[in-house]
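Engineer: Each chain, written out:
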Amino acid sequence: MSRRLVQTRRSLLGNAASAALALAGPGLARPALAGTAPRVVVIGGGFGGATAARALRQGGVDVTLVEASGTYVSCPFSNEVIVGLQPLSAQRFGYDNLTRTGLTRVQANATGVDPSGRRVTLADGTTLPYDRLVLSPGIDLRLDAVPGYGAEAVAAMPHAWKAGEQTALLARQLEAMPEGGTVVLSAPANPYRCPPGPYERASLIAHFLKTRKPRAKLILLDAKDTFSKQRLFQSAWAALYPDQLEYVPLASGGQVTAVEPAAMTVRTDFSEYKADVACIIPPQRAGRIAAIAGAADRSGWCPIDPVTFESKLVPGIHVIGDAAIAGAMPKSAFSANAQAKVCAQAVIDLLAGRAPEEPKLINTCYSLVAPGYGISIAGVFHPVNGLLADVEGAGGISPVDAPASVREQEAVYAADWYRTITREVFG
Amino acid sequence: MRLAARVRAVPALSALALLLAPAPTGATEGRPPPGATSCTGCHATGAAMQPISGRPAPEIAAALAEYRSGARPATVMNRIAKGFTEAESQAIAAYFAQGGPER
Ligand SMILES: Cc1cc2nc3c(=O)[nH]c(=O)nc-3n(C[C@H](O)[C@H](O)[C@H](O)COP(=O)(O)OP(=O)(O)OC[C@H]3O[C@@H](n4cnc5c(N)ncnc54)[C@H](O)[C@@H]3O)c2cc1C
Numbered sequence: 001m002s003r004r005l006v007q008t009r010r011s012l013l014g015n016a017a018s019a020a021l022a023l024a025g026p027g028l029a030r031p032a033l034a035g036t037a038p039r040v041v042v043i044g045g046g047f048g049g050a051t052a053a054r055a056l057r058q059g060g061v062d063v064t065l066v067e068a069s070g071t072y073v074s075c076p077f078s079n080e081v082i083v084g085l086q087p088l089s090a091q092r093f094g095y096d097n098l099t100r101t102g103l104t105r106v107q108a109n110a111t112g113v114d115p116s117g118r119r120v121t122l123a124d125g126t127t128l129p130y131d132r133l134v135l136s137p138g139i140d141l142r143l144d145a146v147p148g149y150g151a152e153a154v155a156a157m158p159h160a161w162k163a164g165e166q167t168a169l170l171a172r173q174l175e176a177m178p179e180g181g182t183v184v185l186s187a188p189a190n191p192y193r194c195p196p197g198p199y200e201r202a203s204l205i206a207h208f209l210k211t212r213k214p215r216a217k218l219i220l221l222d223a224k225d226t227f228s229k230q231r232l233f234q235s236a237w238a239a240l241y242p243d244q245l246e247y248v249p250l251a252s253g254g255q256v257t258a259v260e261p262a263a264m265t266v267r268t269d270f271s272e273y274k275a276d277v278a279c280i281i282p283p284q285r286a287g288r289i290a291a292i293a294g295a296a297d298r299s300g301w302c303p304i305d306p307v308t309f310e311s312k313l314v315p316g317i318h319v320i321g322d323a324a325i326a327g328a329m330p331k332s333a334f335s336a337n338a339q340a341k342v343c344a345q346a347v348i349d350l351l352a353g354r355a356p357e358e359p360k361l362i363n364t365c366y367s368l369v370a371p372g373y374g375i376s377i378a379g380v381f382h383p384v385n386g387l388l389a390d391v392e393g394a395g396g397i398s399p400v401d402a403p404a405s406v407r408e409q410e411a412v413y414a415a416d417w418y419r420t421i422t423r424e425v426f427g
Numbered sequence: 001m002r003l004a005a006r007v008r009a010v011p012a013l014s015a016l017a018l019l020l021a022p023a024p025t026g027a028t029e030g031r032p033p034p035g036a037t038s039c040t041g042c043h044a045t046g047a048a049m050q051p052i053s054g055r056p057a058p059e060i061a062a063a064l065a066e067y068r069s070g071a072r073p074a075t076v077m078n079r080i081a082k083g084f085t086e087a088e089s090q091a092i093a094a095y096f097a098q099g100g101p102e103r
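For the record, the sequence lines run as chains A and B. Under UniProt numbering, the residues of the first sequence are numbered 1 to 427, in order. Under UniProt numbering, the residues of the second sequence are numbered 1 to 103, in order.
What the hints contain is simulated information worked out from the structure, not anything from laboratory work. The beta carbon of each residue, even a glycine, is placed where N, CA and C say it ideally should be.
Reference listing, derived: stretches of chain B covered by chain A, where coverage requires no fewer than 3 residues with Cβ under 8 Å from a Cβ of chain A:
(1) 36-49
(2) 74-80
(3) 83-92
Distance windows between CB atoms, simulated:
(4) 56(B) <-> 101(A): 22 to 32 Å
(5) 385(A) <-> 69(B): 22 to 32 Å
(6) 405(A) <-> 46(B): 23 to 33 Å
(7) 190(A) <-> 62(B): 37 to 47 Å
(8) 73(B) <-> 258(A): 43 to 53 Å
(9) 178(A) <-> 62(B): 57 to 67 Å
Take these sequences, add in the hints, and give me the full structure.
Structural biologist: Shown next as structure tokens:
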């Protein structure tokens, strides 16, 4: 195929398609036109990005993984860290094993994306060309959404919704809290990272209070009236924590309207709460690079094609994980991992000039309501009318009337899942 | 219909699809069948939850069928297996019998 023909087709098809046509066959490692194999850049080395980078590498693609941090700190099981059931060190994962797969790892903050020139810019000005770009930047916290809850407030009232220093801070605050103290925990409206996460956190804090500070109380303020695994959580709370946990849904004034970190007060339309420890989980949006790339819509999240995870706004850019609008699929590590593998296969197919197949994806999220008491929600998803929808008749929550042995088994599976997935992702 | 949905979303792909053979259904050209790549988040080799790579295909397919019908007790696999048809389960079973992602 002559260069001229490729260029004619390039204008017809766009870059990636012509790159695919330039390949002699499905063997991606084979040098293409002018000796360059297709290059994929992945931004974000979390559950989504690290999985995608590994899967692309396994498919023979030339992959560069851009991740700002040298060590990943995982959110799943960080609620256990907050109440002293697990050390923070069990949340940390390095990138050495991933790098050994032969991908190029760049520890840097990606600050720019030029979708028409197909280039990523890093903080130091370096540019990385790509044929396809995968974004898995996770979330940014909207520190303008709750009046009073700005960048300085997070030191007094941690969100602990990105694991690391914030997790350790909330753990220290709970440990140091006076005997008869009050904890206020606020959950945001949908959508946000880890739908059952605030309720698992509430459960484990209630467990901590019950066993360590029995005169203390937890007030859970919710900006909505319904939530994930609600019946399971609420029946467990009634049985285990009737004296510790007070749940205030939106209808009873659960929406936080303002906070004052200096006075440690949390306000709602109906009341003002004085907290000894306040954990505010603010509304969120896709990690900033998604908006910079033009892949986020006005909701702050990224609309995607459910077959390829390619952005509906910017061709050549795929978005996976928390940043994506994945329809019925929740923003979870399990989802991010499953999406990454489907996306990587679609990218490999597109680069090889094949049409990707229609996928199915699974999610399972475990929550602990107490040590040895696990519950789960599962789902199977497929593309319907341009969105990922539940496969009807599948999925759902653990039985509400299950015996203690089932709760124990699910707590064991929760820990097994964490060990297995982190090994699959970070190797 | 499936193609039409994609045509709108991915212009480059739609143009490609005109030039290249359309995607067949099921696992083809060594690609994992629908749903298969989600499994290893729990069932990877060395995992506590039943590693499945390298297990005989009839064994995996039968397990999925029994989870689906409720004949085999489960905590979550009953909820997950209901999301797959018998044909899809067979394809997943064949994929893992051949080694799954470690082929
Ligand atoms: C308390 C809590 C408990 C949870 N429990 C569970 C659970 O039990 N099960 C479950 O499945 N999920 C759970 N989750 C959800 C899970 O953590 C997320 O869904 C998952 O991390 C999403 O993966 P991701 O790849 O989209 O983003 P992340 O894992 O956040 O990864 C994003 C990465 O991108 C990097 N990055 C972002 N922007 C840039 C840039 N411009 N340049 C370079 N690098 C960049 C970041 O440094 C980060 O490492 C929980 C979350 C919380 C908060």
